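Enquirer: Okay, here's what each chain looks like letter by letter:
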Amino acid sequence: MACIEARGLRKTFGTTIALDGIDLRVEEGRILGLIGPNGAGKTTALNAILGLIPYQGELRVLGRDPWTERDLLMRDVCFIADVAVLPRWMKVSQALDYLTGVHPRFDRAKAEGFLGKTSIGHERKIRELSKGMVTQLHLALVMAIDARLLVLDEPTLGLDILYRKQFYDSLLTDYFDRSRTIIVTTHQVEEVEHVLTDLMFIDRGRIVLNCSMEDLESRYAEVTVNPAQVAAARALSPMHERQALGRSVLMFDHADRQKLATLGDVRTPGIADLFVAVMGNQTGATKGAAR
Amino acid sequence: MNTQSDTTHGAPLEPQRAAAAVAPATRPYYWSVRRELWENRSIYLAPLAVAAVFLGGFLISAVHLPRRMRADLAMDPQHQHRAMVMPYHIAAALIMGTAIIVAIFYCFDSFQGERRDRSILFWKSLPVSDRTTVLAKATIPIVILQLFTFAVVVVTQFLMLLLSSAVLAGSGISPATLWTQVSLFSVSAMLLYHLVTVHILWHAPFYGWMLMVSAWARRVAFLWAILPPLAVCFIEKVAFNTNYFAAMLGHRLAGGPEAIPMTPDQFPMEPGMHLTPGHFLASPGLWIGLLVTALFLAAAVRMRRYREPM
Chain A
1 MACIEARGLR KTFGTTIALD GIDLRVEEGR ILGLIGPNGA GKTTALNAIL
51 GLIPYQGELR VLGRDPWTER DLLMRDVCFI ADVAVLPRWM KVSQALDYLT
101 GVHPRFDRAK AEGFLGKTSI GHERKIRELS KGMVTQLHLA LVMAIDARLL
151 VLDEPTLGLD ILYRKQFYDS LLTDYFDRSR TIIVTTHQVE EVEHVLTDLM
201 FIDRGRIVLN CSMEDLESRY AEVTVNPAQV AAARALSPMH ERQALGRSVL
251 MFDHADRQKL ATLGDVRTPG IADLFVAVMG NQTGATKGAA R
Chain B
1 MNTQSDTTHG APLEPQRAAA AVAPATRPYY WSVRRELWEN RSIYLAPLAV
51 AAVFLGGFLI SAVHLPRRMR ADLAMDPQHQ HRAMVMPYHI AAALIMGTAI
101 IVAIFYCFDS FQGERRDRSI LFWKSLPVSD RTTVLAKATI PIVILQLFTF
151 AVVVVTQFLM LLLSSAVLAG SGISPATLWT QVSLFSVSAM LLYHLVTVHI
201 LWHAPFYGWM LMVSAWARRV AFLWAILPPL AVCFIEKVAF NTNYFAAMLG
251 HRLAGGPEAI PMTPDQFPME PGMHLTPGHF LASPGLWIGL LVTALFLAAA
301 VRMRRYREPM
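Protein chains in written order, with the numbering used here: chain A, 1 to 291; chain B, 1 to 310.
Don't read these hints as lab results, they were simulated from the structure. Heads up, a few of these hints could be off.
[To be verified] Covered by chain B, according to a simulated footprint, are these stretches of chain A (three or more residues, beta-carbon under 8 Å):
1. 42-56
2. 92-99
3. 102-109
All values reported here derive from a predicted model rather than from experimental measurement. A virtual CB, placed ideally from N, CA and C, is assigned to each residue, including glycine.
Using the sequences provided together with the hints, build the complete structure.
Expert: Shown next, in the form of structure tokens:
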């Protein structure tokens with residue numbers, strides 16, 4: 001069974017179309033990165049998956065309808081939004097008590113184990129903790145829940161590099177296994193790059209790219225072209241061209257790698273560069289269509 | 001043979017064990033109520049603080065108690081009773097009034113607060129339904145606060161009585177008359193009756209309304225709770241020159257004759273007052289009020305489902 005399955009998922013706020021009928025299928029055991037510019041519909045998609053907003057179209061998460069069965073779904077789904085959602089008045093010990101009391105899959109000993117590795121005292125109030133510590137706390141709580149789907153919406157927003165690195169490290173080493181699924185949205189694409197198994201670009205409520213990281217490696221190639229061969233490279237219809245250190249860097253979709261190797265250094269593009277290339281083409285295509 | 005019976009015995013146990021492993025006993029409602037008490041400590045601190053301040057004042061005024069008592073004892077029984085019982089009623093009224101103010105502030109903040117600080121995203125990420133949350137939040141002003149008020153009033157009155165007795169005994173006056181006149185047990189029983197009938201059952205629609213407005217309004221829940229009923233009163237007055245809606249609200253607010261048989265000269269918690277619980281339970285006003293409360297709460301459940309953080 002797919003972890004998430006959506007068909008024609010659509011959401012409008014007044015006249016603004018946040019999700020424009022997207023189709024989506026996320027299998028179990030994947031780590032999906034949802035990348036897009038501000039206002040692309042990432043958070044709206046996540047909110048629909050979490051049962052926080054009503055939507056049009058079909059959506060099943062772990063076989064349930066999130067809007068009508070949110071409370072049942074949340075036994076198997078965890079969610080970390082940007083750091084500000086833990087109630088500020090709460091004490092750490094109260095958060096542990098409360099979760100033990102309401103969540104059938106919460107393992108208190110495990111959460112205390114994770115917290116033991118941090119400097120967060122049980123009697124501290126959340127408002128007294130630094131941003132990084134609040135995230136550590138939330139992560140400790142969430143990792144102690146034996147959930148099947150973990151949704152992370154900009155989880156490292158506003159954190160310094162140390163905490164950000166730690167966040168994904170502990171997520172991968174202490175939490176992730178092949179039976180869980182993780183969806184993450186972030187603007188810091190570099191830090192999730194090595195973590196993801198799947199990648200999805202979303203723009204203006206539509207999915208503009210959806211592929212696994214293996215496919216990405218075989219499909220896209222970036223060539224730092226030797227100055228003499230720029231014209232020859234351009235003839236192979238690159239999807240994007242940029243300048244780096246005075247040399248042309250061209251990106252190709254579905255091109256013959258051996259052929260490209262004769263033009264310069266070939267490598268798999270980073271997500272950030274791919275994002276710029278794909279989004280740039282999107283804007284171009286829209287402009288072309290408008291004309 | 002043995003092994004066979006073992007397997008047949010073992011088989012039905014298996015799913016039970018599995019079910020127990022999947023869902024250990026969680027009590028979402030109980031913990032939702034507790035978390036409200038963690039967050040809103042004024043629910044118990046405010047009545048306690050008022051009780052403490054009142055007791056402090058009472059302690060100071062106890063200097064004059066022997067003189068007052070001698071004056072009271074010289075009065076006729078009717079006035080004697082009133083004079084002696086008065087401070088106890090004032091204590092009860094002050095603490096109950098505080099509880100009502102706390103309840104109003106609690107209701108207006110209940111659903112708006114969690115959206116304002118975005119913690120609603122945390123609460124909604126847990127397996128607790130909107131219905132459980134709304135019922136837990138409604139329990140605070142309608143049940144918990146009222147019963148806690150009862151406990152605080154009873155303890156305060158008891159301490160007042162002990163204190164008075166000690167002072168009187170110290171100046172050679174027997175406190176016996178005071179104990180007979182104040183008759184703490186029946187005062188407490190009346191208080192409980194008053195709280196359950198008026199403050200819980202009769203006033204429940206007000207709390208339901210305020211909770212619903214809090215779940216609905218983006219800001220100034222207070223105004224949204226007050227202005228529409230005022231507008232209805234005003235429009236009714238202008239259009240039909242009648243005051244039915246205002247009269248109904250006033251009747252509901254005052255407690256109404258169904259809830260408590262109140263004669264103008266008496267406190268609603270006067271012992272020996274003629275109680276009519278049967279009449280109260282049979283009054284349509286009670287049941288219509290409870291039905292309206294249920295509708296308001298159902299609407300609050302629905303709104304909490306739709307509302308996003310602001």
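Enquirer: Are the hints correct? Go through all of them and say.
Expert: Here is what the structure says about each hint:
Given as covered by chain B, the stretch 42-56 of chain A passes the check, having 6 residues with a CB less than 8 Å from a CB of that chain where 3 are the minimum. Given a C-beta distance limit of less than 8 Å, the hint that chain B covers the stretch 92-99 of chain A holds, as 4 residues qualify and 3 suffice. A count of 3 residues in the stretch 102-109 of chain A with a Cβ less than 8 Å from any Cβ of chain B is obtained; the coverage claim is therefore met, three being the minimum.
Of the numbered hints listed earlier, not one is contradicted by the structure.
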